[in-house]
Amino acid sequence: MAEERTLPKFDYSTVKISKEESLIYYEDMVLGRLFEDKCAEMYYRGRMFGFVHLYNGQEAVSSGIVKSLRPDQDYVCSTYRDHVHALSSGVPAKEVMAELFGKVTGCSKGRGGSMHMFSEPHKLLGGYAFVAEGIPVATGTAYQSMYRKKALGEDFDQVTVCFFGDGASNNGQFFECLNMAALWKLPILYVVENNKWAIGMAHERATSQPEIYKKASVFNMEGYEVDGMDLLAVRDVAQKAIARARAGEGPTLIEALTYRFRGHSLADPDELRDPTEKEFWNARDPIKKFATYLTEHNIVSQSELDTIDKKVQQDIEEAVEFAEASPEPDKSELYRYIFAED
Amino acid sequence: MAETLMFNALRQAIDEEMAKDDKVFVLGEDVGQYGGSYKVTKGLYEKYGEFRVLDTPIAENSFTGMAVGAAMSGLRPIIEGMNMGFLLLAFNQIANNAGMMRYTSGGNYKIPTVIRGPGGVGRQLGAEHSQRLEAYFQAVPGLKIVACSTAYNAKGLLKSAIRDDNPVLFFEHVLLYNHKENLPDYEYTLPLNKAEIVRQGKDVTILTYSRMRHHCTQALKQIEKDGYDPEIIDLISLKPLDMETIGESIRKTHRVIIVEECMKTGGIGAELTASIKYQLFDELDGPVVRLSSQDIPTPYNGTLERLTIVQPEQIVEAVSKIMNNQI
Chain A
1 MAEERTLPKF
11 DYSTVKISKE
21 ESLIYYEDMV
31 LGRLFEDKCA
41 EMYYRGRMFG
51 FVHLYNGQEA
61 VSSGIVKSLR
71 PDQDYVCSTY
81 RDHVHALSSG
91 VPAKEVMAEL
101 FGKVTGCSKG
111 RGGSMHMFSE
121 PHKLLGGYAF
131 VAEGIPVATG
141 TAYQSMYRKK
151 ALGEDFDQVT
161 VCFFGDGASN
171 NGQFFECLNM
181 AALWKLPILY
191 VVENNKWAIG
201 MAHERATSQP
211 EIYKKASVFN
221 MEGYEVDGMD
231 LLAVRDVAQK
241 AIARARAGEG
251 PTLIEALTYR
261 FRGHSLADPD
271 ELRDPTEKEF
281 WNARDPIKKF
291 ATYLTEHNIV
301 SQSELDTIDK
311 KVQQDIEEAV
321 EFAEASPEPD
331 KSELYRYIFA
341 ED
Chain B
1 MAETLMFNAL
11 RQAIDEEMAK
21 DDKVFVLGED
31 VGQYGGSYKV
41 TKGLYEKYGE
51 FRVLDTPIAE
61 NSFTGMAVGA
71 AMSGLRPIIE
81 GMNMGFLLLA
91 FNQIANNAGM
101 MRYTSGGNYK
111 IPTVIRGPGG
121 VGRQLGAEHS
131 QRLEAYFQAV
141 PGLKIVACST
151 AYNAKGLLKS
161 AIRDDNPVLF
171 FEHVLLYNHK
181 ENLPDYEYTL
191 PLNKAEIVRQ
201 GKDVTILTYS
211 RMRHHCTQAL
221 KQIEKDGYDP
231 EIIDLISLKP
241 LDMETIGESI
251 RKTHRVIIVE
261 ECMKTGGIGA
271 ELTASIKYQL
281 FDELDGPVVR
291 LSSQDIPTPY
301 NGTLERLTIV
311 QPEQIVEAVS
321 KIMNNQI
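Residue numbers (the working numbering), protein chains in the order written: chain A, 1 to 342; chain B, 1 to 327.
Hints in this document: simulated from the structure, not taken from any laboratory. Check before you lean on any hint, since a few could be wrong.
What the hints assert, rightly or not - Which bits of chain B does chain A cover? Going by a derived footprint, with three or more residues having C-beta under 8 Å, they are:
#, stretch
1, 4-18
2, 87-96
3, 99-106
4, 190-198
As the list claims (entries may be wrong) - Partner residues aside, some chain B positions facing chain A, computed with beta carbon under 7 Å:
#, residue
5, Asp22
6, Arg52
7, Val68
8, Ala70
9, Ser73
10, Ala139
11, Val140
12, Pro141
13, Gly142
14, Asp165
15, Asn166
16, Tyr186
As the list claims (entries may be wrong) - Beyond 10 Å from chain B on every Cβ pair, some chain A residues (computed):
#, residue
17, Gln209
18, Pro269
19, Thr276
Predicted, not measured: the structure shown is a model, and the values here were computed from it. Even for Gly, the Cβ is constructed at its ideal location relative to N, Cα and C.
Given only the sequences and the hints, what does the whole structure look like? Please build it.
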């Protein structure tokens, strides 16, 4: 097991968060966690198929970033580990669950599956299953935002967030897009969820410079590392980067140090990760950490949090019922959606 | 009517569509200040500015993916491949992102994109600059593939491609940019899915596209001298194939020769042959003849290069053979 990086210090004295806002972040994280637990259950019960990559452990990143955006206005681009990014973006849990069940009521009409969640109304650019291929696409929506402002003269301050993992940060598209985004000052946040493992490839074995955020500097771009298990730290860095992007000050690279509590996918035997490493990170559960902060600071009571947990669990049960009850895609529509006119 | 070179016809198409729709923009290597490697975008940077005629770094996969993202969010990008062969580096973005994403997303996004540039075998440019990507890309669902061949059809087709809401791979030919033709003074567009009947005839159907159309018309004099009356059809649309026009011709001639510049294995002609045999088998008097490029990397040496692609005399010979039932 490689030595753990020293986590960046976060100054809690600067935190300003209302009760209402706290509950939005908390509920989103719990939704992410319990939804994924339900996915594991449904996968093993043979209700969903294919490669299913769960997000457990990384919730503070999705919630801290996406819930700091303007819903249905700012773009979010994801990877194959996309269920929770979809949920944070506002795609209803029942639509994500139905997609996993392959039903026509799914957000991608049952054509996409676990790795391809899309929702135009929620500005979810999609789950991209090839590592790093979402980075150029997200750079393109950011270009579009700048184009509306500068070429069309519109009053427009839309932002794009592009999520990817440590594995993608060794791919050419990462470097090419950082270059272009910095060159043209695009309104985008590149968020690396460094969970230390690209399937079985340990991050340190794949890169000559493990501190990914430092790679921003060669493009004259702002780069930050953040404790990806700490919602408030993620939210803080997100808010600053979003404000910079809206102000036309350009892109930001954010490296969130995080960990997946489960294997790469539900098909992964997860034999390479050291138990002591898992214990280290499990002890840093982002939901527990945020709940503790909220109760200790008397922002929210434990019973209020329990009520949210119950409500979310109920929502997920309803999502499963919805997915179960939904129809399969019509066989006569096999060819639908190939072209724009369909 | 004004006599116009093909590269200028293409430029007019882009200019007119950019003037009409401010969501249309061009991106690629040297498209802006330099005016495009074949001058198709000359003067547009000065007219429309740096954001609408975007000079990109040499990063084909990333700027192609970027155009897909721009298209998903409401713009209408025209990607120029400085040489279409370079876009092999963007195969993933063209196939997975541009071609398949509308379907994979269940109709959430449309991707109105034109991917255009010079393809084909030029003059001793070597293997990497002499590619025919239409063959490689034809299997990708969701892509329309078009090849222009004259100044007139280049302009009308490119305007339609820019207006189309789907990703269109638009092949120009490196040796046809100076093709000269009188173009109408009025605005016109041409359908992306219709083949063009170059010459009507009754004896044999010659199916061709891009530069090989001109090899066919060069062969025509000798074919006529030999006493045959061929029908020459320029496919224009390589995907989907206009089987209606093709079928009408074959029902008349019952003989088919395909003349293509792509390689024989897995080429456009291979798919065309299969479609003809499946749909029109009873109409055929003999096997479909395929004249294709050799299945080799295009050699630099001029003599070897000439041997690699189909020459007009081979077309003359093939017509003679098929008419004398020697095939």
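Quick rundown of the hints versus the structure:
1. 4-18: That given contact is violated, which follows from only 0 residues of the stretch 4-18 of chain B lying within Cβ reach (below 8 Å) of chain A.
2. 87-96: holds (count 3)
3. 99-106: holds (count 6)
4. 190-198: Since three or more residues must qualify, the claim that chain A covers the stretch 190-198 of chain B is violated, with 0 doing so at under 8 Å.
5. Asp22: For Asp22/B, the interface hint holds, since the closest Cβ of chain A sits about 6 Å away, which is under 7 Å.
6. Arg52: 5 Å, holds
7. Val68: Where the cut-off is 7 Å and the nearest Cβ of chain A is about 5 Å from Val68/B, the hint holds.
8. Ala70: Result: holds, 4 Å to nearest chain A Cβ.
9. Ser73: 4 Å, holds
10. Ala139: Ala139/B check fails; min Cβ-Cβ to chain A is 13 Å, beyond 7 Å.
11. Val140: Interface hint status for Val140/B: violated (11 Å vs cutoff 7 Å).
12. Pro141: 6 Å, holds
13. Gly142: This interface hint holds because 5 Å falls under the 7 Å limit.
14. Asp165: 4 Å, holds
15. Asn166: Holds: closest Cβ of chain A sits about 5 Å from Asn166/B, inside 7 Å.
16. Tyr186: Given a least distance of 27 Å, the restraint on Tyr186/B is violated.
17. Gln209: Holds, since 21 Å exceeds 10 Å.
18. Pro269: 28 Å, holds
19. Thr276: 38 Å, holds
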